[in-house]
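*Asks:* Residue numbers (my numbering), protein chains in the order written: chain X, 1 to 339; chain C, 1001 to 1339; chain V, 2001 to 2339; chain D, 3001 to 3339.
Read the hints as simulated data drawn from the structure, not as lab findings. Do not rely on the hints blindly, as some may be mistaken.
Ranges of calculated distance between the beta carbons of each label pair, as one might list FRET restraints [to be verified]: (1) D:3333 <-> X:28: 51 to 61 angstroms; (2) X:47 <-> D:3329: 50 to 60 angstroms; (3) V:2171 <-> C:1195: 54 to 64 angstroms.
EDC-like, lysine to aspartate or glutamate: derived pairs with alpha carbons at most 16 angstroms apart [unchecked claim]: (4) C:1298 <-> V:2020; (5) V:2144 <-> C:1274; (6) V:2032 <-> V:2056; (7) D:3266 <-> X:199; (8) C:1335 <-> X:138; (9) D:3144 <-> X:274; (10) V:2266 <-> C:1263; (11) X:266 <-> V:2080; (12) X:298 <-> D:3038.
In this text, a Cβ means the ideal position worked out from N, Cα and C, and glycines have one as well.
There are 4 protein chains.
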Amino acid sequence: MEKVKVGVIGLGRLGMVHMEHLVTQIGEADVKAVFALDQAQLDYVKQNFGVATYTDYKALIDNEDIDAVFIVTPTGLHPEMTVYALNAGKHVFCEKPVGLRLDEGVREMERAVNDHPELTFQLGFMRRYDASYKQAKELVQAGKIGDIIYIRAYGIDPISGMESFTKFATDNDSGGVFVDMCIHDIDLIRWFTGLEPVETWSLGNTIAAPHLERIGEFETGVATLRFANGMVATLIGGRHAAHGSHVELEIMGSHGWIRVAQEPEKNFVTLFTDAGVVRPCMQGFPERFMQAFLDEKKDFIKRVQEKKQGSITMEDGIRALVIADACKESAATGKLVNI
Amino acid sequence: MEKVKVGVIGLGRLGMVHMEHLVTQIGEADVKAVFALDQAQLDYVKQNFGVATYTDYKALIDNEDIDAVFIVTPTGLHPEMTVYALNAGKHVFCEKPVGLRLDEGVREMERAVNDHPELTFQLGFMRRYDASYKQAKELVQAGKIGDIIYIRAYGIDPISGMESFTKFATDNDSGGVFVDMCIHDIDLIRWFTGLEPVETWSLGNTIAAPHLERIGEFETGVATLRFANGMVATLIGGRHAAHGSHVELEIMGSHGWIRVAQEPEKNFVTLFTDAGVVRPCMQGFPERFMQAFLDEKKDFIKRVQEKKQGSITMEDGIRALVIADACKESAATGKLVNI
Amino acid sequence: MEKVKVGVIGLGRLGMVHMEHLVTQIGEADVKAVFALDQAQLDYVKQNFGVATYTDYKALIDNEDIDAVFIVTPTGLHPEMTVYALNAGKHVFCEKPVGLRLDEGVREMERAVNDHPELTFQLGFMRRYDASYKQAKELVQAGKIGDIIYIRAYGIDPISGMESFTKFATDNDSGGVFVDMCIHDIDLIRWFTGLEPVETWSLGNTIAAPHLERIGEFETGVATLRFANGMVATLIGGRHAAHGSHVELEIMGSHGWIRVAQEPEKNFVTLFTDAGVVRPCMQGFPERFMQAFLDEKKDFIKRVQEKKQGSITMEDGIRALVIADACKESAATGKLVNI
Amino acid sequence: MEKVKVGVIGLGRLGMVHMEHLVTQIGEADVKAVFALDQAQLDYVKQNFGVATYTDYKALIDNEDIDAVFIVTPTGLHPEMTVYALNAGKHVFCEKPVGLRLDEGVREMERAVNDHPELTFQLGFMRRYDASYKQAKELVQAGKIGDIIYIRAYGIDPISGMESFTKFATDNDSGGVFVDMCIHDIDLIRWFTGLEPVETWSLGNTIAAPHLERIGEFETGVATLRFANGMVATLIGGRHAAHGSHVELEIMGSHGWIRVAQEPEKNFVTLFTDAGVVRPCMQGFPERFMQAFLDEKKDFIKRVQEKKQGSITMEDGIRALVIADACKESAATGKLVNI
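Could you put together the complete structure from these sequences and hints?
*Replies:* Laid out in structure tokens, this is it:
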């Protein structure tokens, strides 16, 4: 098959991961151009990967001979960039979430996706590609744990990232802990159960990082979700974990439970020292999900080649955003919110 | 010091544990008499332990030369028995919870306790005596994990106990999952934090045991508790665990987390078989808390000898009951409930 | 049944454990007298437990109205004390090992035991009473892991005990790492397999504690044992563990493996801190085996009452000593030694 | 830099892994040709990867415009193929071990490597590239565990591979458990310590697979190695693990221990079922070491480009083989063997 010619839009931490994967590990992709605002980043990729560089994403899309774009910019830019790319006839891989809230921009993005069924659109909920979640999903579907009673999901970033997050959230609208962090687990819960929550009571606090109050962010958010069949889910998002990047998910079923990553072991090393028995931990989500980040792109590229739609849809993005938005509203008002 | 002469009121599963501990492992206690309704049980203890037996608890209290009673009967009987014993001048060790709900009986019990400061009263929240919780409490108090952000507590009985629970709850008012099960963790959360929750949204379902709906019981209950300082707690009570007795508690702090019993390992055995790496699990709370059940009684007996008040008070019992009651109300109405 | 009147001979760390167990937790035993050389120890037990005290063990045996003695003195004294007690008509519970080497004293002790079949003799290989080893033994016997291929056993004391051990071993003949430490695992291997090793190559070093060389002690000993059917065992004894008391045993079978205590978790607490995921460890064998120390005595007392022989015999003691001696000889000469 | 043009010699299970890595994940390598005897394999790679195919390895080396070869054939063929390739001016990546025994062929291979310092030669001890072993090595080098006292290494294949191994070892000389399996750990021990063992007592049995006796193979081998400074190592190789591929290594140091892969967890999933708490296991070494297999080749390709020697040398291969040979001799004769 012919290689898929791509452009990468955005070169932040995650953009660089995608960039390097596409260049060095995905033979079927051929990176032609990148967009970023930072000249140092552009120089770096020009020098190391020999690709064209742009500081105007529209120019990249208009001028380059590319088939697809990877949109890895701040969330607020996802809708307009997706719309522009689709209208220009490019396949789109867009990072999560689709937008900061369910506004007209996101609705327009939805329309653009629907108007271009001939183009592959895929959303970056990469956890669906993780080997552990995939095994969990298989176990659930095979009925190994019976009916699902309760789900608990933690997505808690390491405290070591607090400073850079504070800077980012001061300059940008992060979306808040539910939209920015919990949305991954919202997607996973929808994926595992096939169900939609109907009501939430959500709460947030800044106990571990009082300075976040000034910029209107919760450090920790706790969302309780009710489903129509009685199932309940608890989501905990946060940015305070002393030990590392703690992304844990548990599914309680009537015949068994599945717990994914109850301890974020970095590798197979166990230390026996005067501190006790110690397992070193993962320090960031890229480390935890590197293979999933790679596999989601391989799959997208293959789907483009095979003229198939993406595995994770705009509808998935909108549903997750609606739920995260409801959590946000509940946490802001202190009230129960229907979803 | 002189031995403390005691009567044991109630000989169910837990009553028998208390009985055998008192006779065989607590040298400072001298069991004189027991009360039960079941003649076979009475015959068994008469024969094995040579104590006087009663089918009328008042007669036991009135006739026997005892200093203290252990009340281990169905919860609904705790208030009247405690009142009767205190008024007869007996020290009282009473199993949790103080009652099924905060009614006049419990208020009368409270007055009786307050009217008899000369008598030792202690409530059976035995988990406070468990070595792991004690270490957790010490770590919290020493500031090792910083300020508490969030607490999660599971108290989930093994599915193997479902049949006997169903029988019990058909014939008796169990109090429901929040009052019967979660109350232990409610007490622990108060103990760890020194704080009281101010609001709850609680939910319940019978997904794993639909037959419980007929007797008005939830199989699983999920209570989200809000505290005035922003702290949040999630309690999960249930009776469906396929693997054993899962009593787990986690405290997230601003500088570290503590997790107690994330896996209910039965002992130190690990099996490596074609099923994978397997840790056998505890099958019941008596196994998990046997030492705590012993230590709480040793401490009570010592306090009686030293004319001290009990370590866990009537106030602790009432506060926990009020919270559990609020969870129950919320789960019944689907609304937020102030506590 | 009548209580068993006992004398405790020796009040070191382990003697005190036995003493307190007998007084406070074993209702069927009645401690009448103790022997020790240290007056402070004697004063302590006299005051706290109200028992007669002796600095001459023969006087204790001759003068006191006792049925049984617990011998918890330095190993070198076990033979003569056992012989004296048996000849005086007392049941004997003797700590392991039976002696420092297979000399005439041990042979005399063996004859005394054989000459007094009417008296209960039991050796203190308490690990056979540990719940984890008992479950392992049941799994082996039930054929759950098939035929045994290989056994690995670690018995490594915490480095925190190095100073007191050095003092002890300077003043006393400890027996060396194989006789003093590995003998527990030698006994367990015999118990699990029912087989005797036929040859050994053993090695020792003082890498972690060079000062031990001056007193003729190995810090770490490694014994490889060959069995006639091809089975192999490796024993590691030592005194250097930074993290705690590491007593681990693994049985590889043709259909599965059993590992006991692969991590010496102190309790159910897991800490998630900037050091990683940490399990605090046990700091000494009394903590690890407290229940086994209690249960072996309960069983011995019951056997005395029921006029049965002890569960762990003089023959067990001699076989274990012969094997440990062979390891010692191999480590001293560097040669293969037939057992 | 220019891409390195390579030929792959051998397409067994591991050969195919190397092949696919080179084609799909190592951008700097350009696979031109492969050698195999099996036509189906050749057809498969021709069709899928479009490379030239050979059933005569010399023809491949002679005719193709390649810079380097990857030799992934049965061990006995490594020497002659390496010699031929080096003499033809090709860089060589050769799978472990260098040969089945230290015979003239291996000596000739050694001479060829020494005669061609201008060509990169690297041996496939891929474990040195594994993240966990690398962290362990760093911890050792940083002095975090003090001086090394004892090392234990397990390399035990899953029982599920027994049938195919039996077929292979019936038709080929596998080298036996020490040369074929333990050699990885022999290399790691040399790498971690920088020391060479001086004496061994090794043992083997066929308890778990008696049929192996007919083809002169041990199922399990146990090698005890003595080092001049007193350090001791135990190696266990075997093919009987019911639970998966158990490759574990432990380093006991005077200030701490490191254990790598004490449980071969497949991923982050933990199951809580009526079987207990279960971690699914890895079922083969390719799964365990996939990333290391990739990284060793990336490094080799880079070294070729940079005209550097390989990271793992012929000398490493010979030293490891000498040690494994000594273990084999000891196990055959039952005697101590000097190395």
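*Asks:* Run every hint past the structure and note whether it holds.
*Replies:* Structure-based check of all given hints:
1. D:3333 <-> X:28: 51 to 61 angstroms: holds (56 angstroms)
2. X:47 <-> D:3329: 50 to 60 angstroms: holds (56 angstroms)
3. V:2171 <-> C:1195: 54 to 64 angstroms: Because 55 angstroms falls inside the window, the suggested range holds.
4. C:1298 <-> V:2020: holds (15 angstroms)
5. V:2144 <-> C:1274: holds (11 angstroms)
6. V:2032 <-> V:2056: holds (15 angstroms)
7. D:3266 <-> X:199: violated (36 angstroms)
8. C:1335 <-> X:138: Judged against 16 angstroms, a Cα distance of about 36 angstroms means the pair is violated.
9. D:3144 <-> X:274: holds (11 angstroms)
10. V:2266 <-> C:1263: Within the cut-off at roughly 14 angstroms; holds.
11. X:266 <-> V:2080: Since the Cα atoms of residue 266 (chain X) and residue 2080 (chain V) sit roughly 56 angstroms apart, the hinted pair is violated (cutoff 16 angstroms).
12. X:298 <-> D:3038: Between residue 298 (chain X) and residue 3038 (chain D) the Cα gap is close to 30 angstroms, so the pair fails against 16 angstroms, i.e. violated.
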